[in-house]
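Visitor: Work the whole structure out from these sequences, hints included.
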Amino acid sequence: MNRVSWKLLTFYFVGYVILQIPLLHKFVLFNVAFSFFYLGFLVFFPLGQNPILRLIIGFLTGLYIDLFSNTPGLHASVCTFIMLFRDTWLMAILENQKGILDINIYILKMRGVWLYVLPLIFLHHLMIFWINYGSWMGLFMTFDQISSSTIFSLLSILLINLVISKKPIRI
Amino acid sequence: MQQLFAFLFRSRVLGFFLFLELISFWLIFSYNNLYNSYLFNTSNIFAGSVLETNHNIDQYFQLDEINEKLLAENALLREELAKKNLGMMGYDTIKGNAHVIPARVINNEFRKPENYLTLDKGSLSQIEPGMAVISREGAVGIIKSVSSHFSTVASILNRKLMTSSQLNKTNTLCTVQWNLESPLVADVKYIPRHINIGIGDTVSTSGYNAVFPAEIMLGTIVSYQLPDESPFYVAKIKLSSDLSSIDAVYVIRNPLKGELDSLQTVL
Chain P
1 MNRVSWKLLT FYFVGYVILQ IPLLHKFVLF NVAFSFFYLG FLVFFPLGQN
51 PILRLIIGFL TGLYIDLFSN TPGLHASVCT FIMLFRDTWL MAILENQKGI
101 LDINIYILKM RGVWLYVLPL IFLHHLMIFW INYGSWMGLF MTFDQISSST
151 IFSLLSILLI NLVISKKPIR I
Chain Z
1 MQQLFAFLFR SRVLGFFLFL ELISFWLIFS YNNLYNSYLF NTSNIFAGSV
51 LETNHNIDQY FQLDEINEKL LAENALLREE LAKKNLGMMG YDTIKGNAHV
101 IPARVINNEF RKPENYLTLD KGSLSQIEPG MAVISREGAV GIIKSVSSHF
151 STVASILNRK LMTSSQLNKT NTLCTVQWNL ESPLVADVKY IPRHINIGIG
201 DTVSTSGYNA VFPAEIMLGT IVSYQLPDES PFYVAKIKLS SDLSSIDAVY
251 VIRNPLKGEL DSLQTVL
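Which chain is which? The protein sequence lines are P and Z, in order.
The first sequence begins at 1 in this note's numbering and counts up by one.
The second sequence begins at 1 in this note's numbering and counts up by one.
Derived by calculation from the structure, the hints in this document are not laboratory data.
All figures in this text were calculated on a predicted structure; none of them were measured in a lab.
Fair warning: there could be bad hints in the mix.
Coverage of chain P stretches by chain Z, computed from C-beta distances (three or more under 8 Å per stretch; other residues unrestricted) [unchecked claim]:
id, stretch
1, 47-57
2, 60-72
3, 80-86
4, 119-133
Beta carbons: idealized from backbone N, C-alpha and C, even for Gly.
Guide: Below you can see the structure in the form of structure tokens.
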């Protein structure tokens, strides 16, 4: 049974959440792809924590982003929703590796990226754009934004994780 | 009773989740009103000061560009001064009964359906919600909420904002509203079909709603159609102020706004 590395968690918080604010309106490709890489903090949050704590972390992270983007409640609601079932989902992906608390790209492997990180980011972006435009019509209009933003966010989340997390040493 | 407590304890996570979602959606819906101000936006002191630091770092790398803009603005001011000396100055309404408060934009968005700017001046500089914000090129938006040092502006790139305006050629009253298409283009609505309009005609604010002074430039018509059954033209303007690169703005304080508003509500 590994323990939660608070050092790693702090690095995640700085790299994903703090760094998002100055880059919020600058990481935009061709006016369609937005990068919400703060989501990486929620995606790689340690497994097996108290569910109430998990919901609070999701809510506060979302609220923090809302504070800077004039969208009160938007990111907070979606992040809380994501955090509700995140552990169940992750547990199903990592079925054969019991007792892992810290999550990083080396533990998830390609399978985890396809089955957990990518769908989670897509769901998050779908809900953000849907609530923001306030109609199903808007959702169809912005589907190019949703899909390109998903890819852009995924790439930036994985890149930041490659920089922060260490490759496990096999004994 | 004990079973009830046991049930509540078992579903505490779901209950807490629903509680947090309720808060979020309450925030979403209460912010939807254009003039209501709440804690969680960029005009509060925490977000404002972080954004200001951020803006200062950005500005350091854009000093050349800003210098050029200032030179251009200086040139324009000299020109206006010269005009004034000759007694030919326009903008009579501004000169007559309004005050102008200069401010800098420290946060800018223009890619969302509802866009807001953050300014570095607040209630200490006598800025209040509902005041007009203009730039050198034309109208920018309306002050939405104010803290002591910062304020947020609902820009004209906000689908909820309908600006009372007029076609300068014929003084026809119309309405300008953004269509989410591009930060440079907006729709002009309610121009009746008996009016002759052409590409290049200018549209400016009408001054009827007491927010914007009259004759602040909004843009020039770039395309128009006249559908067969429609009583109005379907027209688009190119906005005169490019809100994607805006730095210096002026907040217009109209001391007569309260008087005008209360008189109009009596009617």
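Visitor: Hints first: check each against the structure and report whether it holds.
Guide: Here is how each hint holds up against the structure:
1. 47-57: Our answer is that it holds, as 4 residues pass the Cβ test (under 8 Å) against chain Z, meeting three.
2. 60-72: Holds: 9 residues of the stretch 60-72 of chain P have a Cβ under 8 Å from chain Z.
3. 80-86: holds (count 3)
4. 119-133: holds (count 3)
Hint check: no violations occur; every hint is consistent with the structure.
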